[in-house]
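Q: If you're matching them up, the sequences are chains H and W in order. Quick note on numbering: this note's numbering labels position 335 of the first sequence as 335, and the sequence is numbered without any gaps. Quick note on numbering: this note's numbering labels position 6 of the second sequence as 6, and the sequence is numbered without any gaps.
Worth flagging that the hints you see were computed from the coordinates, not collected in a lab. Heads up, some of the hints might be wrong.
[What the hints assert, rightly or not] Computed cross-link-like contacts, SDA-like style, restricted to lysine to any residue with a CA-CA straight-line distance of at most 25 Å:
#1 LYS349/H / ASP141/H
#2 LYS349/H / LYS41/W
#3 LYS41/W / GLU344/H
Values in this document were obtained by computation on a predicted structure and should not be read as measured data.
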Amino acid sequence: MPAARAMQVETNIDLEGYLVLGVVFLLGLAVIYWGFDRYRLGRLIMNTPTQPARSIAQGRTEVHGRVVPAGETFQVPFGPGDCVYRRWSVQEEREEVTTDGDGTRHVEKKWHTVASGRDVAPFYVEDDTGRVLVEADAGADFEISNENSESITLAEGQALPGRVEAFFSESAHRRDETADIFEVLQETPMGALFAKADIEAWRAEGHEALSERQREALVRHLPEAYVTDGNLRQDVTADEVAGAFREEGDPEPDYGDGLMGRIRALFDRGRSVADAFTGGGSVPSRPSRGRRRRFHHAVLPADEAVYVFGSAEPIEGATGSNVERLRIVEDAGTGRFIISDRDESGLVKYYNRRAPLYILVGLAMSAGSLYFILRGFGVT
Amino acid sequence: MVLVWIVAGFVAVVVLVLLAAWIVSMYNQLVSLQKRVDQTKQNIDVLLKQRQDELTKLIDAAQEYLEHERELLTELTEAREQAERAQTPTEEAQADEAVRGALAGFRARLEAYPDLRSQTNMLQFQERISDIEEQIADRREVYNEAVTLLNTRIKQFPYILIASPLGFTSRELFTATEEDRQDVDVGAAFE
Numbered sequence: 001m002p003a004a005r006a007m008q009v010e011t012n013i014d015l016e017g018y019l020v021l022g023v024v025f026l027l028g029l030a031v032i033y034w035g036f037d038r039y040r041l042g043r044l045i046m047n048t049p050t051q052p053a054r055s056i057a058q059g060r061t062e063v064h065g066r067v068v069p070a071g072e073t074f075q076v077p078f079g080p081g082d083c084v085y086r087r088w089s090v091q092e093e094r095e096e097v098t099t100d101g102d103g104t105r106h107v108e109k110k111w112h113t114v115a116s117g118r119d120v121a122p123f124y125v126e127d128d129t130g131r132v133l134v135e136a137d138a139g140a141d142f143e144i145s146n147e148n149s150e151s152i153t154l155a156e157g158q159a160l161p162g163r164v165e166a167f168f169s170e171s172a173h174r175r176d177e178t179a180d181i182f183e184v185l186q187e188t189p190m191g192a193l194f195a196k197a198d199i200e201a202w203r204a205e206g207h208e209a210l211s212e213r214q215r216e217a218l219v220r221h222l223p224e225a226y227v228t229d230g231n232l233r234q235d236v237t238a239d240e241v242a243g244a245f246r247e248e249g250d251p252e253p254d255y256g257d258g259l260m261g262r263i264r265a266l267f268d269r270g271r272s273v274a275d276a277f278t279g280g281g282s283v284p285s286r287p288s289r290g291r292r293r294r295f296h297h298a299v300l301p302a303d304e305a306v307y308v309f310g311s312a313e314p315i316e317g318a319t320g321s322n323v324e325r326l327r328i329v330e331d332a333g334t335g336r337f338i339i340s341d342r343d344e345s346g347l348v349k350y351y352n353r354r355a356p357l358y359i360l361v362g363l364a365m366s367a368g369s370l371y372f373i374l375r376g377f378g379v380t
Numbered sequence: 001m002v003l004v005w006i007v008a009g010f011v012a013v014v015v016l017v018l019l020a021a022w023i024v025s026m027y028n029q030l031v032s033l034q035k036r037v038d039q040t041k042q043n044i045d046v047l048l049k050q051r052q053d054e055l056t057k058l059i060d061a062a063q064e065y066l067e068h069e070r071e072l073l074t075e076l077t078e079a080r081e082q083a084e085r086a087q088t089p090t091e092e093a094q095a096d097e098a099v100r101g102a103l104a105g106f107r108a109r110l111e112a113y114p115d116l117r118s119q120t121n122m123l124q125f126q127e128r129i130s131d132i133e134e135q136i137a138d139r140r141e142v143y144n145e146a147v148t149l150l151n152t153r154i155k156q157f158p159y160i161l162i163a164s165p166l167g168f169t170s171r172e173l174f175t176a177t178e179e180d181r182q183d184v185d186v187g188a189a190f191e
């Protein structure tokens with residue numbers, strides 16, 4: 001009997017508590033690792049020499065310059081100006097009611113994210129010697145400083161500021177426009193025309209009698225010279241139609257980065273209108289005036305000073321100077337692709353400050369949770 | 001008490017693991033810096049080869065017109081060969097000086113041959129060589145930055161504790177020749 005009693009373990013914490021402590025312990029270890037990773041990243045940036053854009057060599061590279069848009073830009077969500085990167089979120093403060101085991105009600109206010117989005121466009125980084133393309137939409141990590149970030153908190157009942165109102169109005173307009181196009185796309189073979197610029201499929205159907213909606217779509221989305229009597233002109237070629245849907249008029253059929261290109265690509269993949277609009281993020285809606293609201297954005301504006309770390313790779317089939325034949329993408333050797341509005345020394349300081357902080361916090365989390373786990377098992 | 005010792009032991013283990021990781025990271029940084037210097041050197045060599053090729057084309061194109069300018073062509077050819085033989089940054093600097101001097105002499109003599117001067121390919125060669133020279137200068141700056149980073153790091157504490165025992169050594173910077181550093185005598189150019 002004494003042996004059996006010795007094998008019993010008394011615990012003071014229930015299973016759920018152990019699970020939480022276990023998660024905190026593991027999270028603490030992860031935070032320690034992440035802190036050390038910030039240290040290594042700071043060193044990597046410090047140890048990589050800066051290259052002028054004119055003479056960048058293929059491979060790992062680091063460039064300073066300013067942002068020059070390569071085509072597409074976005075409106076800064078809650079402010080003026082254009083940007084090549086934006087990340088925004090809208091939060092509402094909501095009450096959560098919980099009831100204790102003894103029936104006591106607790107009311108707690110918490111912030112909930114009701115909408116968010118992220119848009120990235122390729123851009124050029126230009127310095128005194130030249131420029132080179134940055135494929136920022138290919139997995140870059142953006143480190144945006146407070147100078148290009150903003151948070152606006154509104155009290156209950158407070159009206160949206162003009163610039164926030166403008167963002168939601170523009171979003172609603174784009175959502176309506178996209179929904180409009182998508183409905184037309186689904187009327188085959190209009191889908192063939194708009195989605196694939198497939199003139200043969202269009203003409204094989206012998207369209208003479210178009211609906212009013214189809215006529216309007218043709219007039220709205222194709223150049224005036226291509227449409228006659230509300231229908232596609234007979235001598236218009238597939239290349240011309242494809243070119244009308246792309247920004248640069250590249251003769252090779254491709255999905256461009258503009259609205260039509262995105263819609264066409266998503267149409268082929270069977271995605272929704274909301275995805276076409278936000279690229280996968282949630283569709284923004286006006287938050288309720290009856291609650292406190294918080295609007296946050298971080299952007300990389302056009303013409304802003306920028307730091308880029310990645311790898312310079314040749315563009316397939318391109319020749320000539322660096323601006324014509326190279327692009328900066330993720331560095332395969334380190335898995336890093338960093339774009340920041342901070343300069344190199346500012347970025348290194350930013351990472352160096354965070355490294356010891358994360359390590360200490362992670363150590364406190366894991367040591368603390370271990371302490372309570374062991375104490376729960378009766379270890380004193 | 002046992003509990004405190006166990007938690008303290010855990011903290012000590014984490015700290016030791018971090019220390020080991022830090023030492024490994026220092027070594028990896030030194031290796032990476034060294035490889036970076038090698039890579040930047042290779043990047044310059046790529047452009048030097050391009051310049052050599054362009055020089056060869058320039059000499060071949062000019063030979064027909066400048067048959068009696070043997071001395072000039074010889075100087076250009078010898079400068080090109082000196083650049084091919086250069087191994088160290090000092091030798092490269094001296095070879096660069098020789099190539100630039102020969103090209104300057106070539107451009108000056110070109111004024112006396114309007115037919116040759118106006119040939120499209122001759123202009124293209126010179127423009128191309130000029131572009132390459134600018135890029136070489138840029139990449140030499142990058143090379144010097146990489147060398148400075150390495151040389152500084154292996155002398156700094158605590159890197160110095162592992163750099164010397166593990167055979168990491170300083171590398172030579174690319175420095176301009178004495179002629180490059182002297183003031184330009186504009187008057188002599190017009191004599």
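Q: In ascending order, which of the hints set out earlier in this document are inconsistent with the structure?
A: Violated hint (a single one): 2; every other hint is consistent with the structure.
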